[in-house]
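Make the complex out of the two chains shown on their own, each in a separate frame, by following the hints.
Keeping their order, the protein sequence lines are chains A and B. Position 63, counted from 1, in the first sequence is what my numbering calls 63; the numbers after and before it change by one each time, with no gaps. Add 1000 to the 1-based position in the second sequence for my numbering, that's all there is to it.
In case anyone wonders, no lab produced these hints; they're calculated from the structure. One or more of the hints may lead you astray.
DSS-like, lysine-lysine: derived pairs with alpha carbons at most 25 Å apart [stated by the list, open to error]:
hint : chain 1 : residue 1 : chain 2 : residue 2
1    : A       : K21       : B       : K1228
2    : B       : K1027     : B       : K1321
3    : B       : K1228     : A       : K25
4    : A       : K21       : B       : K1346
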Amino acid sequence: MGRFCLIALLVCSITSCAVVKEYDKVYLNDEAMQLGFRSSERFETTFQIYREAAAGANGGKSGGGCGCN
Amino acid sequence: MKWIVWYFLLQAPIVLLGQDTLTTYKKRILEASELETLFSYYNQDGPNAAVTGGLGTEALTDATSTLVLRVPLNEDDVLTVDTGLSAYTSASSSNINPFDGNNPADAYDASSGASRTDMLVYFNPTYTHNSDDRNQSWSANAYVSSEYDYFSLGFGADMVRRFNDKNTELAIGAMAYFDAWNPQYPIELRPAFEGAVQGYTPNFQPFVEENRNSYSLSLSLTQVLGKKVQASIFMDVVLQEGLLSTPFQRVYFGDRKDFIVENFQLADDVERLPDARFKLPIGLRLNYYLNDIAVLRSYYRWYTDDWGITAHTANVELPLKLGDRFTLYPQYRWYTQTATDYFYEKEEAISSLNFYTSDFDLSGYTAHQYGLGIRYRNLFSQKRFLIFGLKAVDLRYAHYRRDTELNANIVTLATTFVLD
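For reference, chain B alone in the conformation it holds in the complex (with noise of 0.2 Å):
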C-alpha cells in the first residue's frame, strides 16, 4: 500500500511545477452568479439503535435546506458560498431520555421528549482562483457547523493542475476539521440518577477528552482514455483523533446484572473506542459515452481502516437522455463492510474489555440502495423568475436496504438559477 502512496506523492510536485503554454484567448471561469437550492428529506428505520445497545428503534426523519451562491469575483476567481440547515426527529436522540415522554420508557418507542428534535447549521465558503491558461487553479476553504451536542470548525485547501491538453488532471487537497463534543450521556448514568433505582450501580466514566480532530490529504488523478471515456481516480489519507465514541450509544455486558426500568434496560456503560483512527479509501471513476442517448457512469472504492474494516463499494448509473432539456437517470448502488474489531451485539461484551460498541453502523453487512432522478436543462435560461433564470432543476430519489433490516428513503430536489 505504501507504495501507491508514494507513487502520488512524487508524481505530483513534478507535475504541478511543470510549465504549460499560454493561451491568448481568456474565458471567464463562470459568466455570471449562480444561486443553487437544495431541499432534502430523509427518513429511516430499523430495529438496532446504537443509543439503545443494539437493539431498539433507529428512526429518524431529517429536512435539510441548503442554498448555494457561486459568484464571479473577476475573469479568474470565483467565491462560493454553501450554507444550510438540517432539521431532524430522531429516536437517538429521544432515547438518550426515554423518561421523558407521555408513553412508559420502551427501546422499540421514540421518546416525546423534548430532547428528540435537533437543528444542525452549516456554513462553507470557498475562494478559488485560476490561472491564466487554465490549467491551474488553487483553492481555499472554511467550514463551521453547530448542533446541540458538536460543533465543528474546518480549514482546507486543493490544488488543480491540469496538462496534456487539458487530457490529463492532478489534484491535491487537504483538510483539517477541529471539533468538540458538548457530550450527553444516557440519562440513567448522570449524577441525577444515582440511587434511583435499587442496586443499579453502573462503574461509568464520563470521557476526559471532549475533542475529535480530523486530518485528511485527498489526491485524485484524472485522465481522458478516448473520445468517449474518461476515468479518475481518488485516494483520501485520513486520521482521526479524540473523542471518537458516541457519548449517548449504550451497551449492555453479559457479565452484569440487567435492571429494567418500565420497558427499558438501563445502561451497563456507553460505547467506548479507541481515540486514534487512520482510514484509507481508494475509488475509481469511470465513464463511457456509449451513444448520443446513453451513457455509462460507474464507481468502485476500496476502504480499510485500522479498526478492522474493509469495506467496498460500486455505482453504476445510466443517464438516458430524453430530447435536449431531459436527463433521467436510474441507478444501483452495492455496498459491503466487515465489521469492527470493536463491535458486539447486545450482552456479547463483557466489562472487562477496553473497547467495545454495539452501534451497528459498524458492524458487518450489506446493502444496497436503487434511485432514478429526472434532471431538466436550459443551457439559455430562458425561464425568468424575477432576476432569476431557471437553468437546471434536479428531482433525485433514492431507497437505501441493509441486511441488518435498516431501510431509507430520500428525496433530493436541487434547482440551480442564473442571476442577472
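Only chain A is shown next, with the shape it has when bound in the complex (with noise of 0.2 Å):
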C-alpha cells in the first residue's frame, strides 16, 4: 500500500514536468492510446463488478444496481 500511495504522489506531483505540444501528440492521440475503457469492455467491467467485491476506480459504475445473479 505504502509503495502504491508513493507510485500515486510521483504521477499528482509531475503534472508540470512534462508539456508535449498538441503537433507532438501523434502517438498519445492513438486510439489504443486512450486511458478510458473501450465501450465493448463494459460488459465484461459489469460482470465484474456482480462476480467479485472490488469495483470503482476504473471509470465505470462503482455503486448503485443489484448484481444478485
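Below, the structure written as C-alpha cells:
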C-alpha cells in the first residue's frame, strides 16, 4: 500500500514536468493509447462488478444496482 | 490513507478555478450523430451458488443488447442516450423456489419453473457541455433500471478541467443511487410453507429495511508523461447503506438440525450483512506506445472496504495493429481478494452470530481472465447502410476462471455508425 501511495503521489506531482505540444501528440492520440476503457469492455466490467467484491476506480460504475444473480 | 484524499480535495479547486487562454478556432466536439449498438452473451457455471448456501449450481446465461446514441446539440454540447435490456436465466433465480420444476428439487439443478428467467431494462441519458477553449467540460446524467425484484434510480454529475497545454486533466464526479428491493425470500421461508414439513421452524425474520442507497465521489488525474506515455490515477470513495444483503441467499447453520425435502436442504436463514459499507478503490493506468505496431496498456487497482476485504487487480493488454484498419488485442487480467469477515462456508456459521453469508463472491479467491479482441475502424465511414456510415466494429471474447471453480465466458460485439 505504501509503495502504491508513493507512485500515486509521484504521478500527481509531475503535472508540470511534461509539456507535449499538440502537434507532437500523434502517438498519444492513437486510439489504442486512450486511457478510458473501450465501450466493448463495459459488459466485462459489469460481470466483474457482480462476481467480485472490488469495484470502481476504473472510470465505470462503482455503486448502485443489484448484481445479485 | 486520509492524506491522499486531502491531497486530491485540496488540489481540485485550485486547478478547476484556474484561468487558461482562449483558442481562436472552435472545433465541434462531435461532428455528426453516432449510434453504437452493443450485444453481449455471457454464461457461467460453478459449484458454489449463494442461493443454496454455498453449495449448488451457479449456472447463469445472460444476453444483453444496448443502444448508445450520441447527438451533437451544437458546437459545444452533446446528448448521449444509453438504453438497453438484459435477459437472463439463472440458477439463483430459479432456486428461490426449487420445487416448481419437473424434476425433484436439487441444489445442483436449476429448477425449470417460472422464476428462472428475468429481464433488466435500463435508461441512462447524459448531457455534456464543453467550454469554448475545450479546457473544461461538465456533464450531468441520470440512471434508471428495473428488474423483477430490484429498482434503481441514480443521478450524477462530473466536471473535467484540462490545463498545462492539455497535458494534464483533472476530473471530479459524484453519483447517488436510490435503490429499492422487492424482496424475494426462499420459498420455504414464506408464510405459505409454514407447517409443510414437520419440525421445520426456522427462526426467520423478513428484512425491515428494503432500500439501498449508494453514494460515490470519483477523482481522477490524467498526465502526459512523454510523447509516447501517459498515465491516470483514479480514486472512488463509495458509501452504501440500507439493505445490503440479498434476500434470497440461503444460509445453513452448523448448530441447527438439517431438513431435506426431495434432494434439497431447507434454509435456516438468509444472509445477514451490515447495513452500511465503505469502499475505497484506487486505480492506476499507464499506456505506452511501444512502436507503430504495438501499444502496451496496463492497469492496477488496490481496493479495501470495511467488511474486511482487500483486493488487487492487474490488467495488461497489447493492441497489435494489423494494417491501417484492424487491431488485434490480446488481454490478461489477474484478480485476488480476501474474504469478508462475515463469510462462512455451508454449516460453518452458527445461529447466534449477527452477520453471516455463504456467498462465494465475498470469499477469498484468485481469478484469471484471458481475452482476445479484434477491432475494425474506418475513420471516413465509407461503407454505408442507408443513412448509417460504418465507423468501427469491435468483437471481443474473454474467458474467466477463478480458483473456486467458477468459470465464465463472455462475447461482445460493438458496432459504431455515423448518421448522416
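Structure-based check of each hint:
1. A:K21 to B:K1228: Since the Cα atoms of K21 (chain A) and K1228 (chain B) sit roughly 12 Å apart, the hinted pair holds (cutoff 25 Å).
2. B:K1027 to B:K1321: Measuring from Cα to Cα gives roughly 28 Å; hence the hint is violated.
3. B:K1228 to A:K25: holds, 8 Å
4. A:K21 to B:K1346: Violated, at roughly 60 Å.
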